[in-house]
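Quick note, the sequences are listed as chains A and B, same order. Going by the working numbering, 8 is the number at position 8 of the first sequence; the sequence numbering is gapless. Count along the second sequence from 1, add 1000, and you get the number used in the working numbering.
A hint or two may mislead.
Coverage of chain A stretches by chain B, computed from C-beta distances (three or more under 8 Å per stretch; other residues unrestricted) [what the hints assert, rightly or not]:
id, segment
1, 4-13
2, 17-31
3, 44-53
Some chain B residues near chain A, calculated using beta-carbon distances under 7 Å [to be verified]:
id, residue
4, 1030
5, 1033
6, 1041
7, 1042
8, 1063
9, 1101
10, 1103
Part of the chain B face toward chain A, derived, beta carbon under 10 Å [as the list claims (entries may be wrong)]:
id, residue
11, 1035
12, 1102
13, 1106
Derived by calculation from the structure, the hints in this document are not laboratory data. Think of the CB as a built atom: it goes at the ideal place given N, C-alpha and C, for glycine as much as any other residue.
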Amino acid sequence: QLQQSGPGLVKPSQTLSITCAISGDSVSTMSASWSWIRQSPSRGLEWLGRTYYRTKWNTDYAVSVRSRITITPDTPKNQVSLHLMSVTPDDTAVYYCARVSSSGYHFDPWGQGTLVTVSS
Amino acid sequence: QSVLTQPPSASGTPGQRVTISCSGSSTNIGSYPVSWYQQLPGTAPKVLIFTNSQRPSGVPDRFSASKSGTSASLAISGLQSADEADYYCSAWDDSLYGYAFGTGTQVTVL
């Protein structure tokens, strides 16, 4: 199960940060990766990036946000966080975390979603 | 912006069969497994189909899917009012080096 938390309102130029707490699995498992996805009326569903552990931590980011995004694992708290810097109103969206099994290419489960509005 | 193309809408009467297409390319559907998601209003997407045609436990066999070349399709047979939702396809894309999602199809039960 994935439980998200984070602010619903972020001012332009600031950093958006959302946390995804993992239960029933380990963030450092070598059998899965942890992705962040967002959804907005203008962009639809957009994959933002992922982190995964395979003897060392790895991250991959979507080209569209690569210069502004960081996804970090927190092993003691068993959670993964999304940080998106220098946000603009175009970053207003519902943000989801999701698990992908290393044996598949599908997202399951998903977090409940966090609506983030970028506005002054 | 999506690299996977779906029809924006599909509809049918209760009991009918509805099919949704998902068109991609050799860098995504042509090379990787396709998954399908159902999104009910106000909720997160839920996996309906994985690895082209596999159903997770709990998903009714009214839902089926297939893949051929660079396209995939989802079929809903015995359409029910509970099936009114948005449906999305997804696949890894080598040119993006990331996951691609379809544009989404809104299914309406008439």
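How the hints compare with the structure:
no., hint, result
1, 4-13, "violated (count 0)"
2, 17-31, "violated (count 0)"
3, 44-53, "holds (count 5)"
4, 1030, "violated (14 Å)"
5, 1033, "holds (5 Å)"
6, 1041, "violated (12 Å)"
7, 1042, "violated (9 Å)"
8, 1063, "violated (14 Å)"
9, 1101, "holds (4 Å)"
10, 1103, "holds (6 Å)"
11, 1035, "holds (4 Å)"
12, 1102, "holds (8 Å)"
13, 1106, "violated (12 Å)"
Comparing the model with each earlier hint shows violations of hints 1, 2, 4, 6, 7, 8, 13; every other hint is respected.
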